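Protein chains in written order, with the working numbering: chain A, 9 to 212; chain B, 5 to 175.
Just so you know, not all the hints are guaranteed correct.
From the derived model, a few chain A residues whose C-beta atoms are all more than 10 Å from chain B [said to hold, decoys possible]: (1) Ala21; (2) Arg35; (3) Leu76; (4) Thr91; (5) Phe131.
Computed footprint of chain A on chain B, listed as stretches where at least three residues anywhere in the stretch have a Cβ under 8 Å from a Cβ of chain A [as the list claims (entries may be wrong)]: (6) 35 to 44; (7) 73 to 79.
Rough simulated footprint, nothing fancy, chain A against chain B, three-plus residues with beta-carbon under 8 Å [what the hints assert, rightly or not]: (8) 59 to 65; (9) 111 to 120; (10) 155 to 161.
Read the hints as simulated data drawn from the structure, not as lab findings. Given the structure is predicted, the values throughout are model-derived calculations rather than measurements. Note that beta-carbon positions come from the ideal geometry of N, C-alpha and C, so glycine has one too.
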Amino acid sequence: MNADDLARDLTVAFSETPAHLHELHGRLTAAAQQEGILDVAYRTVDTPIGKLLVAATDEGLVRVAFALEGHDAVLQSLADRITPRILEAPRRLDAVAAQLDEYFAKRRQGFDVPLDWRLTGGFRRSVLHHLVRDVAYGHTATYTSLAQLAGSPKAVRAVGSACATNPLPVIVPCHRVVRTDGGMGGYLGGIEVKRTLLTLEAAA
Amino acid sequence: MTGKQPFESVVAAHGATVLRVCRAVVGSSDADDAWSETFLSAMRAYPELPADANVQAWLVTIAHRKAIDATRARARRAMPVACTTDAVVAPSADSDHLDLDADLVAAFAALPAKQKQSVAYHYLAGLPYTEVADIVGGTADAARRAAADGIAALRRSSASGPRKELPDERR
Chain A
9 MNADDLARDL TVAFSETPAH LHELHGRLTA AAQQEGILDV AYRTVDTPIG KLLVAATDEG
69 LVRVAFALEG HDAVLQSLAD RITPRILEAP RRLDAVAAQL DEYFAKRRQG FDVPLDWRLT
129 GGFRRSVLHH LVRDVAYGHT ATYTSLAQLA GSPKAVRAVG SACATNPLPV IVPCHRVVRT
189 DGGMGGYLGG IEVKRTLLTL EAAA
Chain B
5 MTGKQPFESV VAAHGATVLR VCRAVVGSSD ADDAWSETFL SAMRAYPELP ADANVQAWLV
65 TIAHRKAIDA TRARARRAMP VACTTDAVVA PSADSDHLDL DADLVAAFAA LPAKQKQSVA
125 YHYLAGLPYT EVADIVGGTA DAARRAAADG IAALRRSSAS GPRKELPDER R
């Protein structure tokens, strides 16, 4: 038996099952959480509009991402912009996952989880605040009316970019913002997703 | 602007290898704790790790330290009781090669520490001998010799131990 065969046998002999590794992973996330070094926890949630990635800091939900955005790319951007101490740790996201289930089952019209706004700032953040506060479930606003609400009636394009870079789609309802001429406008998750969400809310 | 990977990717890429190294170096009864402490400690330090660092070598270095801690702690625990030969717990009992694996694991456990470490870090973790030497101390040549001696000893024991080809002598 040569060294490589022996090395292969050793690799097999010392291997553990995926289930065991999964258990150790769970133990690691619990210990990291307890020690306060789990800076960002995430999980995915299956919904009628595809798999959503939800990620939270200690302060609250920080990012919701559509499959279209590429979840790996989104996690990498969280590592670059916030911290690389990121683990898949479902527990911190239990509440938002349950509320998303209820929302898609038409049993919930608003979300009640703490939000961490650090991925947006300035005018964009104030636009998104208005969106949460002033544009109710089942209603729509136009880019123009939202610009007025945010106190800068001329900043229609800036409102568009605030929506396009919304870090918390679905929860912060940028899908409710449509064009003055009745057109749908764009959407981060794709226009079909926007249509689905508006139809869901209209039918409730 | 791409910096460090999310730590989740580090666990996914290296978790299984580090666990093998831990099982080899500290034995399966303490391997889970050594693994957990290795990754917790790595996660603590991860933001400060240089972006171009060799993550696998870094993790094995941490695991090496945790393994030494675990071995010392076990020695302290074992002191008051009558010294039985270090009981190597059989690996997870779900495999056809259980006997072969158990023999190999037992033979491995009987190696001197430096041989165990050199074999594990080179053959299980895939580190070059220069990096093995950085971790275990001494020169790369010394690490290479220790690994070669370890492999030779394992080969001898697998040749003399009960193997499939031999008429059965199993218990």
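Review point. What hints, given by number in increasing order, does this structure fail?
Key: 1, 2, 4, 7, 8 and 9
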